[in-house]
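Make a model of the complete structure from these sequences and hints.
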Amino acid sequence: MPASKPFPDTDAQHGDAVGRLYGEHHGWLLSWLRHKLGFSHLAADLAHDTFLRVLAGRTGLALLQPRAYLRTIAHGLAVNHWRRLDIERAYLDALAGLPEAMAPSPEERLLVLETLRQLDNHACAARCAFQLRTRRRARRGGARPDRAPGRDRRA
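Under the numbering used here, read the sequence shown as residues -9 to 145, first letter to last.
Quick caveat, the hints were computed from the structure, so don't treat them as lab data. One or more of the hints may lead you astray.
Stated by the list, open to error - Distance windows between CB atoms, simulated:
1) V69 with H16: 17 to 27 Å
2) L42 with L101: 23 to 33 Å
3) R43 with L75: 17 to 27 Å
4) S30 with L88: 34 to 44 Å
None of these values were measured; they are calculated from a predicted model. Note that beta-carbon positions come from the ideal geometry of N, C-alpha and C, so glycine has one too.
Encoded structure:
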């Protein structure tokens, strides 16, 4: 597999580079997701979201293994999807145990589910930012990436 060219600095060039990446690897990614998930509609959604994530990101690295890069993004999106479903299911299960008089209205249920999704998105963003900060510090000789902050023991 040839390495993809580095993502350029301008928006137009970045869009072109993502377009080439899409053209070369979308079919493969979609097939991989269908095989892993078993749901073609979910696979199509995650493949689309993967390329949106690539388009929104401004990585300046040359992709030596573009399929591994795309697979990593898609896997993370799939994990997030299943976690959100688990959260929604737990909320709906908790509601099922309530007496009908105490049950929230459909509008209130929708608001709570949307709030749960937003909280999950914020938690994911915070976790990613923490991991990135820890890796950068490790590259500069600070903390080791596998340790929590403040747990760096130097002799």
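Outcome of the hint check:
no., hint, verdict
1, V69 with H16: 17 to 27 Å, "holds (21 Å)"
2, L42 with L101: 23 to 33 Å, "holds (26 Å)"
3, R43 with L75: 17 to 27 Å, "holds (19 Å)"
4, S30 with L88: 34 to 44 Å, "holds (36 Å)"
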